[in-house]
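Visitor: Sequence:
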Amino acid sequence: MALAENLKISVEDYLQGELLSYIKHEYVGGEVYAMVGVKRAHDTIAMNLIAHVHAHLRGSPCRVHSGEMKVRVQTETDDNFFYPDLHVTCSADDTHEHFNTQPKLIVEILSDATERYDRAEKFHHYRKLSSLDEYVLIAQDTQRVECYRRDEQWDLRLFQQGQAVFFASIGCVVDIGDIYEGLRLGKDG
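Residue numbering for the sequence shown follows UniProt numbering, starting at 1 and increasing by one per position.
Treat each hint with caution, since some may be false.
The calculated DSBU-like cross-link candidates involving lysine-lysine, where the alpha carbons are at most 35 angstroms apart (straight line), are [what the hints assert, rightly or not]:
1) K128 / K39
2) K104 / K24
3) K24 / K8
4) K24 / K128
5) K104 / K8
6) K24 / K39
7) K8 / K39
8) K39 / K104
9) K104 / K128
10) K8 / K128
None of these hints come from the bench; they were simulated from the model.
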């Protein structure tokens, strides 16, 4: 039996296809991958955090974007597009209608289907963004927020139940309970 060959498409074809598609796709190295839908917990966490970050950024040059806006990670040899669950850009140069290129903060909400990918391959690509100061992973089933901050080795700061999460890249503090507001988690968080 012959194996199907992966066909690579151009960035232009990918971007045009995204305008016409009802399904979001990420673009990695010329290959296109369909995005899976989210569950209620994922959506609740995203909306709670977007509301807090948006209120914090009001009056500043920074803007928060939902999972509907792409981030482009472009190097001399690679061109990729991702849909992070939330990202913040503060650059006046980020003016493209369909994607940003200079996020300061990127947040991914973990799921069983995406956790390994978010922790490894996506993080590998995101680290190539010179503008990125902080990469955050949020668990859905327990109050756990992991903040990786750009310093010599992208050190981890872990926040759990009862703590306030400090998003250093934008100077924002959010009580972890507010991130998970409206969710019924197990008795320990």
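Visitor: Confirm or reject each hint.
Guide: Status of the hints after comparison with the structure:
1. K128 / K39: 29 angstroms, holds
2. K104 / K24: 23 angstroms, holds
3. K24 / K8: Cα-Cα ~17 angstroms, so holds.
4. K24 / K128: With Cα atoms ~23 angstroms apart, K24 and K128 stay inside 35 angstroms; holds.
5. K104 / K8: Distance ~30 angstroms between K104 and K8 Cα, so the pair holds.
6. K24 / K39: Between K24 and K39 the Cα gap is close to 16 angstroms, so the pair holds against 35 angstroms.
7. K8 / K39: OK: K8 and K39 at ~30 angstroms, within 35 angstroms.
8. K39 / K104: With a Cα-Cα distance of about 26 angstroms, the restraint between K39 and K104 holds, given a limit of 35 angstroms.
9. K104 / K128: 12 angstroms, holds
10. K8 / K128: 22 angstroms, holds
Checked against the numbered hints given earlier, the structure satisfies every one of them.
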